[in-house]
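Visitor: Model the full assembly from the supplied sequences, consistent with the hints where possible.
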Amino acid sequence: GESVGLHLPTLSVQEGDNSIINCAYSNSASDYFIWYKQESGKGPQFIIDIRSNMDKRQGQRVTVLLNKTVKHLSLQIAATQPGDSAVYFCAERLTGANSKLTFGKGITLSVRP
Amino acid sequence: DTGVSQDPRHKITKRGQNVTFRCDPISEHNRLYWYRQTLGQGPEFLTYFQNEAQLEKSRLLSDRFSAERPKGSFSTLEIQRTEQGDSAMYLCASSFGGTNEKLFFGSGTQLSVL
Chain Z
1 GESVGLHLPT LSVQEGDNSI INCAYSNSAS DYFIWYKQES GKGPQFIIDI RSNMDKRQGQ
61 RVTVLLNKTV KHLSLQIAAT QPGDSAVYFC AERLTGANSK LTFGKGITLS VRP
Chain C
1001 DTGVSQDPRH KITKRGQNVT FRCDPISEHN RLYWYRQTLG QGPEFLTYFQ NEAQLEKSRL
1061 LSDRFSAERP KGSFSTLEIQ RTEQGDSAMY LCASSFGGTN EKLFFGSGTQ LSVL
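Protein chains in written order, with my numbering: chain Z, 1 to 113; chain C, 1001 to 1114.
Hints listed in this document are in silico derivations from the structure and should not be mistaken for laboratory results. The beta-carbon is built from N, C-alpha and C at its ideal position, and this holds for glycine as well. Check the hints yourself; a few may be wrong.
[What the hints assert, rightly or not] Listed next, the stretches of chain C that the computed footprint assigns to chain Z, with coverage defined by at least 3 CB atoms under 8 Å from CB atoms of chain Z:
#1 1037-1047
#2 1086-1100
#3 1105-1113
Guide: Structural data, given as structure tokens:
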């Protein structure tokens, strides 16, 4: 079936380094993607989004890249900080105004001091 | 605080009991979603409302689950005759809808069924 998934369950990075979190999606009909960050005991927090007619979008310290050819989404975090430690989820939405977000499994980002 | 609010934060109940959770969305948002999340997994869609109309329900939502949004503002999610498998975090989210629909989540209600 269609699914959204993440390649690695955990990622450990040194404080100050750049982090790259990858996500594979299988539904070519998806037209909108979001990255969420979830800290312990909290709900998912919106980080950045991208539509399928774009291949790159930048925010503050974060960049999302979309490769529709291989159905791959990545989140890049520049100068990773301890506060970035959390579980990260990618989510996709199928084309259509009434379509819901479908989440992949989370990847834990751990920042070493 | 103008974010999505959920109550209670934690609920411990015995198997077979009924539980009800409440969600207060961001006031301007017309869409309200319920998701369920288990440890290490992403949130799974349960149901959503456009104003007071419930537009879609997941197959995950058995007959023991019911959700309401009577006035298009707050919503309740009730689980009847709880089972141990119902133990999870129940997340509520709201949005404006639209093409680039960003969901804003509450902190969730953690349900433990003993």
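Visitor: With a Cβ-Cβ cutoff of 8 Å, does the segment 1105-1113 of chain C contain at least three residues near chain Z?
Guide: Per the Cβ count (4), the hint holds.
Visitor: Has the segment 1037-1047 of chain C got at least three residues whose CB is nearer than 8 Å to a CB belonging to chain Z?
Guide: holds (count 6)
Visitor: According to a criterion of three or more residues whose C-beta lies within less than 8 Å of a C-beta of chain Z, is the segment 1086-1100 of chain C covered?
Guide: Coverage by chain Z holds here, the residue count being 6 at a Cβ distance below 8 Å.
Checked against the numbered hints above, the structure breaks none of them.
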